[in-house]
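Visitor: Each chain, written out:
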Amino acid sequence: MRVPDLVGSAVANTFRAKTRTALTVVAIFVGGFTLTLTSGMGTGINAYIDDTVAGIGASDVMTVTKASESAALAFGGDSGPAEYDPDAIDNGQIGLGTVIALTPDDIDTLANIDGVLDVQATKSISADYIVAGDDTPYVVRVGARVEGQTLQLAAGDAPDDASDAFELVLPVSYVEPLGFVDDADAVGQTVMIAVTDAERTQHLVEATIVGVAEESIASATGASVVLNDALTDGLYATQNIGLPVDVSERHAQASIWFDPDATDEQIAALKDRLADAGYTGTTVADQLGAFTTVIDGIVLVLNAFAVIALLAASFGIVNTLLMSVQERTREIGLMKAMGMGSGKVFGLFSLEATFIGLLGSGIGVILGILTGTAISSVLSDGLLAGLPGLTVIAFDPVSIAVIVLVVMGVAFLAGTLPAARAAKADPVESLRYE
Amino acid sequence: MDTPILSVRNVHKTYGTGQSRFEALKGVSFDIPEGQSVAIVGKSGSGKSTLMHMLALLDAPSSGSIELEGTDTRKLRGSRLNRTRNKTFGFVFQQFFLTPRASVLDNVILPLKIAGVGRAERKRRGMAALEQLELGDKARNRAVDLSGGQKQRAVIARALVNNPRIIFADEPTGNLDSATGAIVEDILFGLNREKGITLFVVTHDHDLAARCDRRVFIRDGLLVEDSAAVAA
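One line per chain: the protein sequences are H and F, in this order. At the far end of the first sequence sits residue 459, using my numbering, and the numbering has no gaps. At the far end of the second sequence sits residue 1435, using my numbering, and the numbering has no gaps.
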């Protein structure tokens, strides 16, 4: 029997016992459907994270802090009370407690570490409010943009670090409260940012809005105003009026640049060298790692459920085909009497199983994609409207193809037992009619 | 003298071992020349079905040999055995063994499909076989919708479609009324006469056996009477 005929016969045989095939297909469908949705969720969320990686930070930049015992305390460390350190300052991040400040000496040390191309202290600015004209002032966070970071701009351009003018990018949510008609209208307008110096005097600094940025969950800057270097320096200087120089030049963290082509091993080695010098380096990948690990974990658990469903379904296939072999004993015997080899009989039945798998997974995948698309469009209009750019459930053709192939593989395996039984059938035995 | 198409030499067949050991054939020998119509006559349990299965190479003898055109069939194995069965034999069974939901044509072309004949050629030869048995207009019908006589004619068309050298018919009229049975018999003997196909009928119907060129009687696994031997 030729292969196309074999496939054709297998397909035709599948449709002979319609109810039984349909029920088995439903069982497999459940597995395929679930797998499609769960993997779609993984794809969607991870794609969103990938999209916003550039927003979190450039891939050749590492954030460096000075290693501190007290940092562990914030996580309920068991090393007892930390010794007082006069250099400790709040690092500005909730939950991480204090870090030891980086002084200009530290910056020099970092610059001399092998593999470090450039160092820049992160100037943290705490602004009091932002206001446009005589309108209501709003509380605001100020974030500095690291070179290489990209903003998801809704209008305008990114702030120009080369410019001497004070430029900033406004988060979308500030556009209306500050009295602008829309995103495009805000671009080019002037706003004032208030900072209080060490002598408790409040200063207003004027800056031009050059762009409006989307807020994204994975963005380090979050719903904060992003400044250019000139404005950062200006605000920082204003904020530190009245402070002695040795205090004003203490920073919670610094950014170092390394070779963009560095391999994972080279990055690890750089981290080791930083650790030897008493610093902790964190790359963007490290920060993202936690995110993706959690999401991969959730997807894995969901996939496990889908696999259990598939496993149950595969026993359905075994059962369906065993019954089919039982019913078709005569037919099998006749085909063998007519010169059909055992291998072909095996092929016929395992192809039937594989076809059932294809049907189940095909329907499951198609309905899964439709359902997933519907769910994610409903979610992004409703519950998750605050996260522009997020498609909760996205599909990539490779993983869909993998699901279909895996389900067909499982179905084939389930079909081997009945197929082997059919192949073993003795034509004389099957053709007896007492 | 021509080489007989089938030559049976001292064939024994034993089933089971020990207490349950059962000897179905106890040494049977005879030759069948090409083009002859032979009836194997015997009661149920006499060993006639076992003999037919062995002649059709569905089962191997415990001892003794069967030669197909001078070739020892013990040497035929695997795909060569399957090909030989496919090309040489046609089967007609008492209980039809048609796939009920499949079309009559699909049932008839099954041996061609197994042989790997192309789609168009299969259809042409299948239709030719059906026309020959006056079932051309039923080709598209499902096998289950045919009457008993039509079913048996479809089965004969299936046995015929691959131009076999030998047709094995196991109680071909057992499930048919006498009028329909007679028609089926006429078709089978017609094929035997006109196409020179060797016909091997297993039956306990003496009227059917009487129409054959030769009758071989089997009882308790032994050949008790052979009309060819009497004539010779």
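Careful, some of the hints might be misleading.
Claimed, not checked - Quick list of in silico lysine-lysine cross-link-like pairs, DSS-like style, CA-CA up to 25 Å:
| id | chain 1 | residue 1 | chain 2 | residue 2 |
| --- | --- | --- | --- | --- |
| 1 | H | LYS449 | F | LYS1290 |
| 2 | F | LYS1246 | F | LYS1326 |
| 3 | F | LYS1278 | F | LYS1229 |
| 4 | F | LYS1290 | F | LYS1398 |
| 5 | H | LYS449 | F | LYS1246 |
Claimed, not checked - A short list of chain F residues far from chain H (calculated; beta carbon distances all over 10 Å):
| id | residue |
| --- | --- |
| 6 | PRO1207 |
| 7 | GLU1226 |
| 8 | LYS1229 |
| 9 | GLY1319 |
| 10 | ARG1343 |
| 11 | GLY1352 |
| 12 | ALA1382 |
| 13 | ALA1431 |
To be clear, the hints were calculated from the coordinates, so they are not data collected in a lab. Here a beta-carbon is modelled for each residue, glycine too, at the ideal position from N, C-alpha and C.
Visitor: Against this structure, judge whether each hint is valid.
Guide: To see whether the hints hold, each was checked on the structure:
no., hint, in the structure
1, H:LYS449 / F:LYS1290, "22 Å, holds"
2, F:LYS1246 / F:LYS1326, "40 Å, violated"
3, F:LYS1278 / F:LYS1229, "23 Å, holds"
4, F:LYS1290 / F:LYS1398, "16 Å, holds"
5, H:LYS449 / F:LYS1246, "30 Å, violated"
6, PRO1207, "22 Å, holds"
7, GLU1226, "17 Å, holds"
8, LYS1229, "19 Å, holds"
9, GLY1319, "5 Å, violated"
10, ARG1343, "15 Å, holds"
11, GLY1352, "19 Å, holds"
12, ALA1382, "24 Å, holds"
13, ALA1431, "27 Å, holds"
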